[in-house]
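A.B. asks: Protein chains in written order, with the numbering used here: chain A, 1 to 379; chain B, 1001 to 1379.
Derived from the structure by calculation, the hints contain no laboratory data. This structure is a prediction, so every number in the text was calculated from the model and none was measured. Positions of the beta carbon are idealized from the N, C-alpha and C atoms, including for glycine. Among the clues, some could well be false.
[Unchecked claim] From the derived model, a few chain B residues whose C-beta atoms are all more than 10 Å from chain A:
| id | residue |
| --- | --- |
| 1 | Lys1011 |
| 2 | Val1100 |
| 3 | Leu1105 |
| 4 | Glu1215 |
| 5 | Lys1259 |
| 6 | Ser1271 |
| 7 | Glu1307 |
| 8 | Asp1320 |
| 9 | Lys1323 |
[What the hints assert, rightly or not] To spell it out: a stretch of chain B is covered by chain A in this simulated footprint if at least three of its residues, at any positions, have a beta carbon under 8 Å from a beta carbon of chain A; those stretches are:
| id | segment |
| --- | --- |
| 10 | 1037-1043 |
| 11 | 1049-1062 |
| 12 | 1107-1118 |
| 13 | 1193-1207 |
| 14 | 1309-1318 |
There are 2 protein chains.
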Amino acid sequence: MFNKRIKELRKKLLKEKLDGVLISSISNITFLTGYANFSGEEREAYLLIGKDFQYIITDGRYSEAIKRQVVHFNLFERNHENKLESLLKSLKNRINVLAVEEDDLTVLEHKFFKKHFKKLKSISLHTHRSIKSTEEITKIKKACQLGDQAFEHILKKIKVGISEKSLAWEIEKFIKDQGAQISFPSIVAFGKNSSIPHHHTGNDILGSESSSGQEGLIILLDLGVKFENYCSDMTRTVFFGKPSNKQKEIYETVLEAQKRAVSFANSKIKSGEAVKASEIDKIAREEIISKGFPTIPHSLGHGIGLEVHERPSLSPKSKDQLKLGMVFSIEPGIYIPDFGSPRSRFGEAGGVRIEDLYVYGKKGLSQLTNSSKKLLIIP
Amino acid sequence: MFNKRIKELRKKLLKEKLDGVLISSISNITFLTGYANFSGEEREAYLLIGKDFQYIITDGRYSEAIKRQVVHFNLFERNHENKLESLLKSLKNRINVLAVEEDDLTVLEHKFFKKHFKKLKSISLHTHRSIKSTEEITKIKKACQLGDQAFEHILKKIKVGISEKSLAWEIEKFIKDQGAQISFPSIVAFGKNSSIPHHHTGNDILGSESSSGQEGLIILLDLGVKFENYCSDMTRTVFFGKPSNKQKEIYETVLEAQKRAVSFANSKIKSGEAVKASEIDKIAREEIISKGFPTIPHSLGHGIGLEVHERPSLSPKSKDQLKLGMVFSIEPGIYIPDFGSPRSRFGEAGGVRIEDLYVYGKKGLSQLTNSSKKLLIIP
């Protein structure tokens, strides 16, 4: 699998008249080697790939692991005696034009590599990665299944007295107890916190009084699993106490926006037309605006795989086209911020988001996350 | 506190003849705003600071939180209608020379900002951050205390049948149950896995047979806590079963190397001499080499604060000088790789590392991590 990917990369080099490529992003290192343990805190490794060589460059902290696990690359262990410069000098005659990941490499690193090669150009593996293999889809599916189980598990834990943090912690424990990882810190937002699309899960506690008013309390849950390096991502919004009519309307509008986006994509696929990501975004966005609600303050969706956010981008300005084998989220949302007054014309501040992952198949989109989307009232 | 830091940054701008500075790294954004919830997965925010303006630039996912929590900055919410370009254009006449963080900004971003300003220069806040305030030291101390408690807790869990992953998970649960975070994924390495300085905690299980041989089984534990955004970092190596004489020698040599490094630093401080980080590294390194063991395959230590690894660097090539208020690790290690034969001349493959954090005080170094370093045999 990795050799096939490297072969495809070499084809790209040939086509774009590049002599070599420097891979610096952790996700692309994982994509080409299968090794996923470098940390993103600082630069711990590079790949340097040319027509007839492929090096993995790292330091003594990782070299033992790399020797065991990345046998299809030559290990260059950089240290005070064995400097990266010496490798670059030895490759000078073989590399005139080196491709780098401009969206990952820092300015400082660029200056360093520029000293050694005639020309640095830009390369991106986005398109290589956006279309998933059957094996990759199987892993994402498994991550989605674990996410569904985590959601089912967490519903039982929603009780008066529990905090957002405790719920997020319960999600994490459940996922890790299954031998998987979280793909991002779970978002748990109670009440008006749900009006912040990326609320930082905090210490708010679910109170008994929350549900005694005229409205239910919104609980927004956004969680993701990482299984064998592949990510899932799903959002559900449930109500603690009976929702008001306005809250119901918001919920149904968000759900309808998602449905319309999926139907539109399916009709395009069936008719054999190209599916523009921006068009899907527009369908969902307009459904929400047409009901008098504010537009979605984020993209409708994003590709997913080794990273939680990758290509394609489903947004108004996206130039991406959806293609067979792509996996992405469709996640419309309505967020009513607290305008300073206790209630805006939409009712209490709060937000609803519904997010699922889909894979683009021959017959249309298949939903990979399968938790119920029926409006759920707890208890 | 944040206003004081911004004031100091403005002094730096004046001194270095810079009209403005673009802050992109999450740790520096936290340092200047106190807000720590941006994710490192993609660029979610910038700070743009000049003589008489200070903007925080982010998107709709974060703007509600920023409005509440970062009141000392002007929020610029970028979206499809309100583009970053418009802000940059409005500042064009006020910024000729913009400083950027070249070790953080990507090549692509650099190209983008270069379009808007006459000149981009490099800036670094490393020196601002390396000397800690009393308040910062208090937070690091608290993180260290929690780390000590986690270590005490985990010792009770070391039993036949437990896996590396389970132990790491127990550490994480303990830390999070105290309301803190882990500052990095804990390293738990059994036996020869300890010969990999950055072993990726795996599924190896502690077997009853492990301790029945002529040697004890090494268990290396490297763990860190994040408390109110400040990190701790500590490593202890314990033995499951009675260690061989060679293992004891390795352990005592590592401990002695650490002691000598600390004593050397203290003698320099007492005599009022400048303390070069590279000299401290040398003392520990030479102690290990003098006993016939391989050199430390990593730096002797690193500064710590908002990030696990920051300045100063205690390494052979470091130009850093240790100064009053700096907090850093001293972590010598001896690692005997598995040369393919079951036993090398040092005995079974394995590694020992001992790591503590120290703060540079007026009278010398104070140790902040306080778990026992006496050679510990379990059970």
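A.B. asks: Does each hint fit the structure? Answer for all of them.
C.D. replies: Do the hints match the structure? See the list:
1. Lys1011: holds (24 Å)
2. Val1100: The claim breaks: Val1100/B does not keep its Cβ more than 10 Å from every Cβ of chain A (closest is about 7 Å).
3. Leu1105: Not fine: 5 Å to the nearest Cβ puts Leu1105/B too close to chain A.
4. Glu1215: The claim holds: Glu1215/B sits with its nearest Cβ about 19 Å from chain A, beyond 10 Å.
5. Lys1259: holds (23 Å)
6. Ser1271: holds (28 Å)
7. Glu1307: Glu1307/B is in fact no farther than 10 Å from some Cβ atom of chain A, at 7 Å.
8. Asp1320: Answer for Asp1320/B: holds, closest chain A Cβ roughly 15 Å.
9. Lys1323: holds (22 Å)
10. 1037-1043: With 5 residues closer than 8 Å to chain A, the segment 1037-1043 of chain B meets the three-residue bar; holds.
11. 1049-1062: holds (count 4)
12. 1107-1118: Satisfied; 4 residues make the cut.
13. 1193-1207: holds (count 6)
14. 1309-1318: Holds: 4 residues of the segment 1309-1318 of chain B have a Cβ under 8 Å from chain A.
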